[in-house]
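Build the complex: two chains, separate frames, hints provided.
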Amino acid sequence: MINICLESKKRANFILKGVCNILNVADKREPIITISNLSKIYRVGEEKVIALENINLVINKGEFCCFLGTSGSGKSTLLNVLAGLEKPTRGNIRIKNVNIEKLNEKKLAAFRQDNIGFIFQAYNLVNYLNAVENVSLPLMFKGVSKKERTKKAVELLKAVGLPKHLRHKPTQMSGGQQQRVGIARAFVTNPDIVFADEPTGNLDSKTSMEVLDLMTGLAKTNNQTLIMVTHDVNIAKRADRIIYILDGRIEKIEERQSVGG
Amino acid sequence: MKITDILGMALKNLFRRKMRTFLTLLGVLIGTTSIAVMMSIGVGLDKTMEEQMQRYGSLNTITVNPYTYFESDGMAYTQPSVKTLDDKAVQEFEQIDGVVAAMSEIRAMLKFASGRYIAYVDLVGVEPAKMQYFDFEVSEGRLLNEDDKGAIVFGKDMSYQFYNPRSIGRNGVIMFGGDNNEEPPPVNVLEDKLIMTFDLSYGESYGNQPGSVRRKTYKIQGVGILKDSGEHNYSAFMNMNYLKKLIKDNEREERRIAGSQSSEFGGYAFYSVGGMGRSSTKESYERVLVRVKDVNRVEEVQKKIQDMGFACYSLADARNEAKKQFAIIQAVLGAIGAISLFVASLGITNTMYMSIYERTREIGIIKVLGCYLRDIRGMFLFEAGMIGFFGGTIGIGVSYGISAVINTIARGFIPDVPNAAISRIPLWLALASVSIAVLVGLIAGYFPSRRAMKLSALDAIKNE
Ligand SMILES: Nc1ncnc2c1ncn2[C@@H]1O[C@H](COP(=O)(O)OP(=O)(O)OP(=O)(O)O)[C@@H](O)[C@H]1O
Ligand SMILES: [Mg+2]
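Sequence lines, in order, name chains A and B.
Read in order, the letters of the first sequence are residues 9 to 269 in the numbering used here.
Read in order, the letters of the second sequence are residues 18 to 481 in the numbering used here.
Please note: incorrect hints may appear among the correct ones.
Label-pair ranges, simulated between beta-carbon atoms [unchecked claim]:
id: 1; chain 1: A; residue 1: GLU163; chain 2: B; residue 2: TYR374; range: 47 to 55 Å
id: 2; chain 1: A; residue 1: TYR50; chain 2: B; residue 2: ALA348; range: 53 to 61 Å
id: 3; chain 1: B; residue 1: ARG314; chain 2: A; residue 2: LYS155; range: 22 to 30 Å
id: 4; chain 1: B; residue 1: LEU363; chain 2: A; residue 2: ILE49; range: 41 to 49 Å
id: 5; chain 1: B; residue 1: TYR374; chain 2: A; residue 2: GLU156; range: 51 to 59 Å
id: 6; chain 1: B; residue 1: ARG33; chain 2: A; residue 2: ASP122; range: 29 to 37 Å
It should be emphasised that the hints constitute simulated quantities derived from the structure, not laboratory data.
Just so you know, these numbers come straight off a predicted model, no measurement behind them.
Cβ atoms here follow ideal geometry from the backbone N, Cα and C, with glycine treated the same way.
In isolation and in its complexed conformation, chain B is listed as follows (with noise of 0.2 Å):
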């Protein structure tokens, strides 16, 4: 027999009875919608925490800290690790296999300044070709070069971060500027003449009190602005090379100020340098960040780097550990919606048996002329299959109509993330889907299809 002409009694059969089949259908419809839109709310809050994530910062970035684990009592602390997180260890990073690139950072905390603005800023001094490994993407202007001195890379946000300190003194209240500024920065940091200084209390009325000392500042361009970037949005970047530098000759002055004035506190620069500190001997960063080619792979890298003996931590972390939770939520849902379509399983198992009980007769002349058992088969399994198939279909219609309006409702209760679908019913989960209530069809139509084929023709064609 052709497949064809199989498929074609099958669906005459289907389209025979419409209402039993429409009632079968129905279960697997309800049975497959359950499934799909049960997982679609696991994937989707799965995929709306990795976006909220993928906003602070990269999933393939890891960040290496120069402390060590252990563990006692179950309990896991740290402490400063024996190896120094130094250039040699940044290239011994760079050696592992899967890394990109490996890049160690300075931070500064300073102030900058342009006519009567001033404004903290986190500085950190970058390696400027590593840049682009690590999502740094300007929107206006240029990223830093190897030679760059003075050069600064603002943060997107970091224009609004200047205020004149003069008009504090006026309302009480500092007014920064926020994401959806819609005024023009106070500053413009692209144009505007700037200077950095160690001091922070520069600008300030309290740094004009008698007695304090003027201290150095030094000239600096701001060439690039940054696009949005969750961990980037507030700080500003130098090359690394020069900041160390400025950060010596202003240990040098703090020295020079400490030797000839006793009492003095206020308005030091904080800056994470180990090397550069005082207190340590050894030059170690007070952080590298790893980047990983392969999100998947990020892990292995992470144990390698522990196992040269220090502590790091990546988003993937917390991404994995959410993923294990979402994976649990996922099944269970999963698991509700099984049940609906292993009734529905029952439904098509039951309406078979019903078919080929009134098809006795039909199936014992079949035999008689000759069909093979096979196709006698074929026919109730097609048959089964296709209740599958078109309640699987429907249902998955339906389930994308679900799934937007719970959507819908949702995004009123979350109004913070802009277009949340805590429910999505991607490719896989839609084939998925099908696929499995065709299956279920499949199943459920097998043993009543094999019924059908050890009838006895005789036997059917016998009893008139």
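Isolated chain A, as found in the complex (with noise of 0.2 Å):
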């Protein structure tokens, strides 16, 4: 009898705890996105490669999230599935509330447009354009006129540090600039989300750490989500929560700093 008073004011005490944590949380932490039972088999011939197994997980708006992993663990394949750039094997993947994966091409274009920043390893800057032209990309997709895109550009740019380099082509700059200048393409729309796979990986040590102050920079200002892949554990450090993945699937999450406050 004792025993089972005991037994239910415990639980009471921990459903009371768990309400006001849920509050608590909910108050500080909005998620932005929600993944659910996320799985990705690629089929090569016969065999099957699964490349995410079973992902569930929250990441909240403002949060700086790092997927930190060995190679061929899955991270990337992760990133583009969340920007939807593949579709998912299973599952589903909610951001701000919209389900990427059931969205066709034309809308998942103009969700891109919208509320996704992209940063590559490789940079991946249009060669024959320069850094104005090139960072003013996502505004012309989005068919903002040449004069405000312009402007909007050159801001970004003296953002990032190139307010010399508007006119120079890819090849007329070094990896860390090319860098900054992919840095203010993905910023330049002002998205809700940036994904950045690996945005160090070709930059030594020192760029890396000047790129990364950059990016964290930029997306607390505008209270952005961030979400960058690495292999690099001291550049994960810098994330407010390292996901290690492991063959697919999450082996743990690590909260670096309260987010909450």
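As structure tokens, this is what we get:
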């Protein structure tokens, strides 16, 4: 009898605590991406390659989240599926209350234009366009006028510390400078989420840190969500949260700082 | 994406690869030029022919004869029509939809004289009120009036037909004036006193042989001279009612002479008015002209007249026949040109595929950055279309040049047709050529652009 009493009291306490927790989280942490039961299986000939297996994860608004794992663990695959570049085999992804795996190509493109920025490891600038033109590309796709998008692009290039390289072509810039242009391009549309796949992969450690500072700085000022893939622990340490990926599964999640406070 | 931005990207890529663009464009240029030049010859021949024909009379006029056609063993024959080609028939023709006017005419071969000068004349009796509908236009004086009697309107070269029979005796040659006569005509037909007679031997030396009868002469006055017209230049025109009267008058005279003189031939006028002739009892015109308002309805009106039981023909017949021939020539020439344009289109397709292959990565990036598929397709279609447009436009420019050269050379071979242009590029041909070039560009770019659209963005950015 006492036992039962204790038991129920404990449970009530626990539930209360949980409710408080949830409430607490709710006003501080607003989920922007919800991944549930996500799997991605590639078929190579007869063989099946399980790149992602039953991933469940919630990413909050304004969070800097890092996928860390060894080569071939499925980090890039996860990022690409989140960005809508690939369809998941199973499960669903809600970004800003939209199930993006259900969107068609046209709606996905529109969704990307409005909500997503992308930074690549290999910079991936268009080599016949200069810095300003490269940065204004996403705005051009949105149908922003030339005058307006150039103004915005120049603004961002200044913010990433390239005020003197506006008219430079990619081949006329160093890797670090090119990646700054890449960052400016990702942020120019002021997206809610910026994906970055090994953005520092081709850079030396000093430049890597500078680039990382730039990204996090820009993201924090506008409360943008930054999701980055890396295999470098030192880089990952800068994130609010590290999601360890192993063989297509979440191995563990490490909270670096208390985001709530 | 704004259309101007799509265009801008396409242009940027074209100018980036100048040599390749130029060579591809050259192919289209040659293709367009060969189509345009080939077609221009077809058009030129057709137009030249039509202009030549118009010199011989209006294409809008149908000539009706008092025959009917019948076919036997695949051959067409004519026989006198059952119906009479009379004033009633003329009225019926005028009732046909699309007909402006129908005009009967009678003809008489007779002689005019002025002082020492005489001329054989093909005198046509016409209905004065209807002359205006049949391309009668004066360069001097006036046309005929309803109440005219001896008034004559002369064809442009008619006044040069007068000659002095006495001067033949001396040099044995009759000198007739022609188109380009610079000397004034021997007779001023509007001013000088004129007479006419049915006696064809009048004024000739053989006419003065003993035993010949002096025949009646009628006073006439020239009131107008017609403008240049292939079919009227050597005729003279008179009010039909008056000419009918004169012919009747002449017949009475001839009968009188025939009664008093037994053997007589020579010097009688020929005239072609069935009703007036002695053999026929029916009063049938030799021919009736029917004016149709719209050239394109000539055939239809002709058909109706034939159904009424009369044979008829028009220059439009000949024109349509020739047009069919020229259409074939044009098609053949056009096809030759089209082959080169087709080859050029392969060039465009090849260039576009190459361009897409080179730009695989770029395409992947812009897809990831949120570029719509239709905009990607648009960029490549614009690029291909632009090659077509520039190639076509420059090609038309070149074609005008070549066309001018062809005409200059051709004029050397046909000096008798002044300003002949056997190669002509009308506006429609220029526009059509450019449009075809653009269309060919778009078609040639269609599959490459689809390929670009379907490229996997991921694969594109993955391949390092
Ligand atoms: N298109 C594909 N077809 C078949 N298998 C694929 C494909 N893409 C990825 N994989 C497989 O999925 C697994 C995860 O690949 P992924 O690129 O996500 O790894 P990663 O963690 O990003 O590695 P790295 O750090 O080297 O970039 C790998 O085993 C890979 O072979
Ligand atoms: Mg990777």
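Status of each hint after checking the structure:
1. A/GLU163 x B/TYR374: 47 to 55 Å: Violated, at about 36 Å.
2. A/TYR50 x B/ALA348: 53 to 61 Å: Because 56 Å falls inside the window, the suggested range holds.
3. B/ARG314 x A/LYS155: 22 to 30 Å: violated (59 Å)
4. B/LEU363 x A/ILE49: 41 to 49 Å: holds (42 Å)
5. B/TYR374 x A/GLU156: 51 to 59 Å: Violated: the Cβ-Cβ distance is about 34 Å, outside 51 to 59 Å.
6. B/ARG33 x A/ASP122: 29 to 37 Å: With Cβ atoms ~30 Å apart, the hint holds.
Going down the numbered hints, you'll see the structure goes against 1, 3, 5, while the others check out.
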